[in-house]
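A.B. asks: Taken in sequence, the protein lines are chains A and B.
Counting in this note's numbering, the first sequence tops out at residue 887, every number present.
Counting in this note's numbering, the second sequence tops out at residue 795, every number present.
Hints listed in this document are in silico derivations from the structure and should not be mistaken for laboratory results.
Warning: the hint list may mix true and false statements.
As the list claims (entries may be wrong) - Selected chain A positions facing chain B (in silico; Cβ < 7 Å):
#1 P834
#2 L841
#3 V844
#4 V847
#5 G848
What the hints assert, rightly or not - For the chain A half of the interface with chain B, some residues (derived, Cβ under 7 Å), not all of them:
#6 L794
#7 G796
#8 G799
#9 M801
#10 H805
#11 D830
#12 F831
#13 L837
#14 A845
#15 L846
#16 V851
#17 L852
Claimed, not checked - With beta-carbon atoms standing in for the labels, derived distance ranges:
#18 B:R689 - A:V777: 31 to 41 Å
#19 A:F774 - B:R416: 17 to 27 Å
#20 B:A464 - A:F744: 35 to 45 Å
#21 B:V717 - A:A853: 20 to 30 Å
#22 B:P415 - A:F774: 20 to 30 Å
#23 A:L760 - B:G739: 50 to 60 Å
#24 B:Y437 - A:G693: 27 to 37 Å
#25 B:Y303 - A:T811: 49 to 59 Å
#26 B:R362 - A:A853: 21 to 31 Å
#27 A:A853 - B:G277: 28 to 38 Å
#28 B:P415 - A:E836: 31 to 41 Å
#29 B:P632 - A:E776: 52 to 62 Å
#30 A:S717 - B:A464: 49 to 59 Å
#31 A:L797 - B:A464: 16 to 26 Å
A virtual CB, placed ideally from N, CA and C, is assigned to each residue, including glycine.
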Amino acid sequence: MNLAEGVQFVSLVILGGLMIFSALGVVLLSNIVYSAFLLALTFISVSGLYILLNAGFVAAAQVLVYVGAVNVLILFGIMLVNKVEVFSEVKNAWVGKAATGAVCAGLFGLIGTMVTSHPWAISTAPAAGDKAIEVIGQHFFSDFLLPFELASILLLVALVGAIVLARREFLPDLVAPQQEALTLPERPRELVAAGVRDED
Amino acid sequence: MDSANIAAQLNAGIILPEGIVIVTIMTIIITDLIGGRAVTKWLPYVAIAGLLLAVVDLWGQWAATDPIAFLGAFNGDDLSVVFRGIIALSAAVTVPMCIRYIERSGTALAEFLAILLTATLGGMFLSGADELVTVFVSLETLSISSYLLTGYMKRDPRSNEAALKYLLIGAASAAIFLYGMSLLYGLSGGETNLSLIASRIAEDNAEAPIGLIIALVFVIAGIAFKVAAVPFHQWTPDVYEGSPTPVVAFLSVGSKAAGFALAIRLLLTAFPMVSEQWRFVFTALAILSMVLGNVVALAQTSMKRLLAYSSIGQAGFLMIGFIIGTDAGYSSIVFYLFIYLFMNLGAFTCVILFSLRTGTDQISAYSGLYQKDPLLTLSLSLCLLSLGGIPPLAGFFGKIYIFWAGWQSGAYTLVLVGLITSVISIYYYIRVVKMMVVKEPQEMSDEVKAYSDNDWALVGMRPLQVSLILAVTVTALAGVGANPLLQLANSAVAQTPLLQRSVLIRNAEIAVQPGHESTPMANDAVADVAVSSVTID
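With the rest of the complex left out, here is chain A:
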């Protein structure tokens, strides 16, 4: 094992450990904000793994999409509906947890056996390395042209659907009688006194 391989091995161990512990934290911690940040850490360690595999483009995409978009969205979601609620303790909650743990351990054992026992066929195509973006682009415009174009329709309809779900609708029956200046016609809300904000 030369120096480069040693560095790679050490990074693999660090990244793997980071990934496993942050993923466990996502599931086990009861504070949802910690879970969300640990999820970001998991995504980042996965992207580090991609870099070790010489897949720079996938690593960048992973950070952009998962950390930059998905995780920020989750944090926004938490921020907007952050309602503190005290849940009463469920009796015998450990039964459910133990069952879940057993199922997960079983699945892990099964998939682990499969991964170690199977002689995996390695693709014969030469490694793309730094030319990955070119190779991906060529695939997009040759054999993956159809799914690539279909994805644009998918994105369009997701956009339309998001707007449909998020836009305000004018509700004639809900126009409030106490409507005042600067309130929105469809959602009357309490006006905050001007002085309150300054004290914050």
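Given the structure of chain A, go ahead and fit chain B onto it with the hints provided.
C.D. replies: Coordinates of chain B only, in the frame set by chain A:
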């Protein structure tokens, strides 16, 4: 290189029907943006015209000489043509139902139509997708549009709840399905084309590796979610109850047909090595679906939940044709899906009509309807009796074809379970009919007492009426004049190379050792198929 040349190389003419649907979606969105409220009332007719044009074009694609398009990503063989036709037709019958419903709910019609057509588009691509990435993208197009449609009535908490449940369970099942697909990709050494995956795995392994079986289980979980087979059915009753009724009508026919098309193509092409195993798993799913779907339906008080459980049971019947895997089995699926399209959509049209006039879909509210609205009573009775399989309605012929095909190939347990559960299903369908027909005037429900049916002149009621009459006429007469439909189903199966290859293997299995492990002869056939598919590619 000019564009005509590129289109010819990609064989892009094969997806012309989908192209027509895409153009229709764009027309609807842009016309609505520019024209505003003035043009809204024409948009449903644009949608119907586009869908029917796509069906006509599919007719022109029948028995295409070179069905592989987009360098192997899409396969336009006759099996896919038939399924794409069923999905497009189901959307075309759904659109007239939704005009009045959307009008009453006070939501925007244009976006609803655009999302519905995108769901149709996803289903159509899924029926012909021959490659993993295309399978997944088209599956997601169908699923995401379905989630959006389910939650379209955003001021109705039940619709929100249904959408959230559907989204969460759907996302989980999509993740499991994707894991299964990634295993296939890895096992085949980096292939995404379904037939190449099968041949590569067969080359590298003498017998099925354990990874292939795990991939099979994960893939089946994804498919069974789409067709709502027990035990992956938990979302169905809640989603059907909460969503807008036209959406339920589409989900129960179009989405289910797309699921079956995916099941047939994916399992037959990519998993020939474990065909015994998937037949076994699907046998279990079919028996569970038939028993649970039909038995739980007995206890329902809401009409939409009743139809939800009945659709689970119907999926069980359809799976019989798929499990036996003979010529007759596959064509019985196609035939039954055609009939199921009209009888189920007819039943949902009646439910929509009744809930538009009374605002409820409780079964008890239907009592005494015969006195007030004979047309609705007759239509709903015909559709329900046909779903139950009473002769001489279309559903009877569909069921008997499936059971006959099953009996011929020796699937006695499945056919017996099917027969017993369809007797159970007749009970709960007839219960609704009895409720409507034989009640005395004093036992009429309050909703029916306050009932008025002179509203046909209102906006959107005429299309609803047309859709109702069409569905009921086909339901009543398709059984008697079934010959062209049967011929269509038979020739679709006979002209699909994929099905013919697997039918040859299957017939060899049945002839040598019915109901047992695959025989050496069948294994030879598997090897032959693997070799032939390699040489074709």
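A.B. asks: A separate judgement is required for each hint: does it hold in the structure or not?
C.D. replies: Structure-based check of all given hints:
Annotation: interface hint on P834 (chain A) holds; nearest CB of chain B at approximately 4 Å, less than 7 Å. Look at L841 (chain A): its Cβ gets to within about 5 Å of chain B, closer than 7 Å, so that hint holds up. A hinted interface residue such as V844 (chain A) counts as satisfied when its beta carbon comes closer than 7 Å to some beta carbon of chain B; here the least separation is about 4 Å, so the hint holds. Taken as an interface hint, V847 (chain A) checks out: its beta carbon lies about 6 Å from the nearest beta carbon of chain B, inside 7 Å.
Given the 7 Å rule on beta carbons, the hint for G848 (chain A) holds: about 4 Å separates it from the nearest Cβ of chain B. Interface hint status for L794 (chain A): violated, as the beta-carbon distance to the closest one in chain B is roughly 10 Å, over 7 Å. The interface hint given for G796 (chain A) is violated, since its Cβ lies 12 Å from the closest Cβ of chain B, which is over the 7 Å cut-off. At about 11 Å, the closest approach between the beta carbon of G799 (chain A) and any beta carbon in chain B exceeds 7 Å, and the interface hint on this residue is violated.
Hint status for M801 (chain A) relative to chain B: holds, with the closest Cβ pair at about 5 Å, below 7 Å. Restraint check, H805 (chain A) versus chain B: the minimum CB separation of about 5 Å is within 7 Å; hint holds. Interface restraint check for D830 (chain A): the shortest CB-CB distance to chain B comes to about 4 Å, inside 7 Å, so the restraint holds. With a cut of 7 Å, the hint placing F831 (chain A) at the interface with chain B holds, because the nearest CB-to-CB distance is about 6 Å.
Taken as an interface hint, L837 (chain A) checks out: its beta carbon lies about 5 Å from the nearest beta carbon of chain B, inside 7 Å. With a cut of 7 Å, the hint placing A845 (chain A) at the interface with chain B holds, because the nearest CB-to-CB distance is about 6 Å. For L846 (chain A), the suggested interface contact is broken, since its CB lies about 10 Å from the closest CB of chain B, more than 7 Å. Given the 7 Å rule on beta carbons, the hint for V851 (chain A) holds: about 5 Å separates it from the nearest Cβ of chain B.
Given hint, L852 (chain A) at the interface with chain B, holds; its Cβ is 6 Å from that chain's nearest Cβ, closer than 7 Å. Distance hint check for R689 (chain B) and V777 (chain A): the Cβ-Cβ separation is about 39 Å, which falls inside the suggested range of 31 to 41 Å. Distance hint check for F774 (chain A) and R416 (chain B): the Cβ-Cβ separation is about 24 Å, which falls inside the suggested range of 17 to 27 Å. About 37 Å separates the C-beta atoms of A464 (chain B) and F744 (chain A), a value consistent with the hinted range of 35 to 45 Å.
One distance hint, 20 to 30 Å for the beta-carbon pair V717 (chain B) and A853 (chain A), holds here, with the actual separation near 27 Å. In this structure, P415 (chain B) and F774 (chain A) meet the distance hint of 20 to 30 Å, their C-beta atoms being roughly 22 Å apart. A hinted range of 50 to 60 Å holds for the C-beta pair L760 (chain A) and G739 (chain B), which are about 54 Å apart. Between Y437 (chain B) and G693 (chain A) the beta carbon distance is about 33 Å. The supplied range of 27 to 37 Å therefore holds.
Judged by the Cβ atoms, the range 49 to 59 Å given for Y303 (chain B) and T811 (chain A) holds: they are separated by roughly 54 Å. A beta carbon spacing of about 23 Å between R362 (chain B) and A853 (chain A) agrees with the range 21 to 31 Å that was offered as a hint. Between A853 (chain A) and G277 (chain B), the C-beta spacing of about 30 Å keeps the proposed range 28 to 38 Å intact. Checked against the hint of 31 to 41 Å, the C-beta distance between P415 (chain B) and E836 (chain A) comes to roughly 37 Å, which is consistent with it.
Restraint check, P632 (chain B) to E776 (chain A): a C-beta distance of roughly 58 Å satisfies the suggested window 52 to 62 Å. Checked against the hint of 49 to 59 Å, the pair S717 (chain A) and A464 (chain B) passes, with Cβ atoms roughly 50 Å apart. For L797 (chain A) and A464 (chain B), the hinted distance range of 16 to 26 Å is satisfied, since their beta carbons lie about 22 Å from each other.
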